[in-house]
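Top line first, the protein sequences correspond to chains G and E. Count along the first sequence from 1, add 1181, and you get the number used in the working numbering. Count along the second sequence from 1, add 1181, and you get the number used in the working numbering.
Since the hints were derived computationally from the structure, they do not count as laboratory data. Any given hint might turn out to be false.
Repeated chains share a single entry, so a pair holds when one copy, or any two copies, can fit it.
Straight-line distance between alpha carbons at most 20 Å, and here's what the computed SDA-like set of lysine to any residue pairs gives [said to hold, decoys possible]:
id	residue 1	residue 2
1	1374	1526
2	1427	1385
3	1427	1331
4	1461	1335
5	1436	1478
6	1445	1384
7	1437	1417
8	1214	1302
9	1461	1212
10	1437	1467
11	1375	1526
12	1437	1416
13	1375	1530
14	1261	1463
15	1374	1528
16	1374	1530
17	1261	1434
18	1375	1529
19	1254	1230
20	1214	1509
21	1445	1417
22	1427	1453
23	1461	1471
24	1320	1416
25	1374	1529
26	1437	1538
27	1310	1503
2 protein chains.
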Amino acid sequence: MGWARKEKLTLDFWQKERLKIWYLAVCDSDPAKKDILAEKYPDVPFYDNYIDMLASGDVDAIITCVPHYLHPKMGIEALKRDIHALVEKPAGVYTKQVRELNEFAATKPDLTFGIMFNQRTNPLYQKVKEIVDNGEIGKIRRTNWIITTWWRPQGYYDQSAWRATWESEGGGVLVNQAPHQIDLLQWICGMPKKVYSNVKYGYQRNIAVEDEVTTLLDYGNGATGVFITCTHDVMGTDRFEILGDKGKIVVDESKKVTIKRLHKSESEMSDNISWADAAKIFRGASMDDVYSEEVIEFESVWGAQHLAVLENFAANIVDGSPLLAPGSDGINGVALANAIHLSSWLGREVELPIDEELYLAELNKKVEEEKVII
Amino acid sequence: MGWARKEKLTLDFWQKERLKIWYLAVCDSDPAKKDILAEKYPDVPFYDNYIDMLASGDVDAIITCVPHYLHPKMGIEALKRDIHALVEKPAGVYTKQVRELNEFAATKPDLTFGIMFNQRTNPLYQKVKEIVDNGEIGKIRRTNWIITTWWRPQGYYDQSAWRATWESEGGGVLVNQAPHQIDLLQWICGMPKKVYSNVKYGYQRNIAVEDEVTTLLDYGNGATGVFITCTHDVMGTDRFEILGDKGKIVVDESKKVTIKRLHKSESEMSDNISWADAAKIFRGASMDDVYSEEVIEFESVWGAQHLAVLENFAANIVDGSPLLAPGSDGINGVALANAIHLSSWLGREVELPIDEELYLAELNKKVEEEKVII
Chain G
1182 MGWARKEKLT LDFWQKERLK IWYLAVCDSD PAKKDILAEK YPDVPFYDNY IDMLASGDVD
1242 AIITCVPHYL HPKMGIEALK RDIHALVEKP AGVYTKQVRE LNEFAATKPD LTFGIMFNQR
1302 TNPLYQKVKE IVDNGEIGKI RRTNWIITTW WRPQGYYDQS AWRATWESEG GGVLVNQAPH
1362 QIDLLQWICG MPKKVYSNVK YGYQRNIAVE DEVTTLLDYG NGATGVFITC THDVMGTDRF
1422 EILGDKGKIV VDESKKVTIK RLHKSESEMS DNISWADAAK IFRGASMDDV YSEEVIEFES
1482 VWGAQHLAVL ENFAANIVDG SPLLAPGSDG INGVALANAI HLSSWLGREV ELPIDEELYL
1542 AELNKKVEEE KVII
Chain E
1182 MGWARKEKLT LDFWQKERLK IWYLAVCDSD PAKKDILAEK YPDVPFYDNY IDMLASGDVD
1242 AIITCVPHYL HPKMGIEALK RDIHALVEKP AGVYTKQVRE LNEFAATKPD LTFGIMFNQR
1302 TNPLYQKVKE IVDNGEIGKI RRTNWIITTW WRPQGYYDQS AWRATWESEG GGVLVNQAPH
1362 QIDLLQWICG MPKKVYSNVK YGYQRNIAVE DEVTTLLDYG NGATGVFITC THDVMGTDRF
1422 EILGDKGKIV VDESKKVTIK RLHKSESEMS DNISWADAAK IFRGASMDDV YSEEVIEFES
1482 VWGAQHLAVL ENFAANIVDG SPLLAPGSDG INGVALANAI HLSSWLGREV ELPIDEELYL
1542 AELNKKVEEE KVII
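Extracted from the complex, chain G is given alone in its bound form:
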């Protein structure tokens, strides 16, 4: 549902690979798209109303390529009619609506409900998650992701009135570009308990929403984190560091993973070494006695794994293969993005889960303020 340039890829893929499994249909409220589609894909039925499509009996599963606010509603309408649903990221704009989607989906356990977190299929991040899950770097003490490779010039925002508004998009870099990393961060390292943020709205771009985010995370067990993103760094940095009590992982440019594994946990080292002996280690210049280092290089595959998510989604329907990105996981990234917004609006640290009603009320204020400015 919804057919933009990005979805061309998806459509071609389904046409070539998956027609044997599923019959394909497209729905879009823009009548111009009907003609384009009729020419390019004459066999594919077109609907201008998604409820009609869902009721037609033509479709077994849908993908929601529509504005973020609509994902939960369309997801529910599909599941209601026993149609499998793959929602695009983010799962929605505010957790209240995503919670409704999740709660409804829970009543339909036989249906497949997924989310397009294509970066979860990236072998690099799968490897990082495996190392953390295996306890190879021990208990996490600190996370740190600077992800400023989301450069967008003013021309990007000026493409359509829909972009970068509170009313239509519900936010900026947090809801449009960075949801991948926000999901990966919580997927690999877990959800923080508290969030404090410094968010700049329309800082380097003429937009109402945020183009710069600096966030301090507190995991509630002593561990802390920092998450930084923006759309105004044309020489963007992508550096993700995870410190554990038994090791450290540094991911550079989503390509190179450096893993340092301590021979003994840091706590054990601290408890059993004199300062004089510690100083000797550092003077010795070699850290081989302290930790081993492994470096793994990956091909860069940002944005190339939509197909892998589709395959995994289809496989779950067909043979029950486990979903890499269950739809219900989508609420975590939305909760984190909402907490980051809310902290900046209130000017203080907020606890998770945040007050959903308060968030929605504050979001609606932004929508109203924006109308006045326009």
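Dock chain E against the given chain G, drawing on the hints supplied.
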């Protein structure tokens, strides 16, 4: 004044190089040191009371190698007697006492008043400062320093009762290890206007003071920053990134400086490129049309520049050469460290300059609480 292991170096230096300029004297309240000194340096007068030494007429200049709390008082007593003063870092524990020192020093403009910020003599940081001061990376948008190479095992803290207590040291990593980087950060990038911090006290070490610090800086003009330090990362990271609207500097391990200089400012690029053309640049994989890159490697010289500060201090006295680290600069690092403590104690963002009386009252509370625990 004060003679610990570290000062051996200083003493040897003065003995070998500077006796022609100055006569040397040592003062320490520990009588055991008198005997050691008499054996090693029989010609050097020893005083067990610093006021006696200052009044003796034997000394023209002093260095305060004493607990942090005493730096301002001893500095004032020296200057009062027209004796030049080089204070160790930090200038003091709280800004109120450092302000008194600065105010008194201002009444003695003919005397040399310096501070042992030896890292200011590091050619790497001098180069970084030069690039920023020249405007080569434009107006600063973000600063980010992860400096966790200050590993200290429990044995370090257990060496003496003086260490890592509120009463004697007045803090942990912020007042003992990280003042170098706190000074360099403000020296190169300026002072922030607001600070929010998440500080862990006795997190991974059995101490009353902080061993982990995560700080969010706001420069009041849109620019933000992050400063992270701790003493429990044996595989410590030292990565300093400065983003400007015309370039970016990344310093790795205090050894390698990578400078990216944009051909046009980011704002100009953003205003004059369509999204389609921007996408082409990224697909082209080469960023040569966007920026040039320079990499400069330096020898690691952490901790090796005390002598350079001493020489600069002496040169200022002798021939008026400009001071690299004027004593009055010391208050900035103390103000920043105080703001970081205070934000964590109050659980909210604080503005600089902070309320000095409030800080001192809160610090004194910590001193009292610590006594009860002991």
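Item to check | Those earlier numbered hints the structure runs against, lowest number first | outcome: 8, 9, 14, 17, 20, 26
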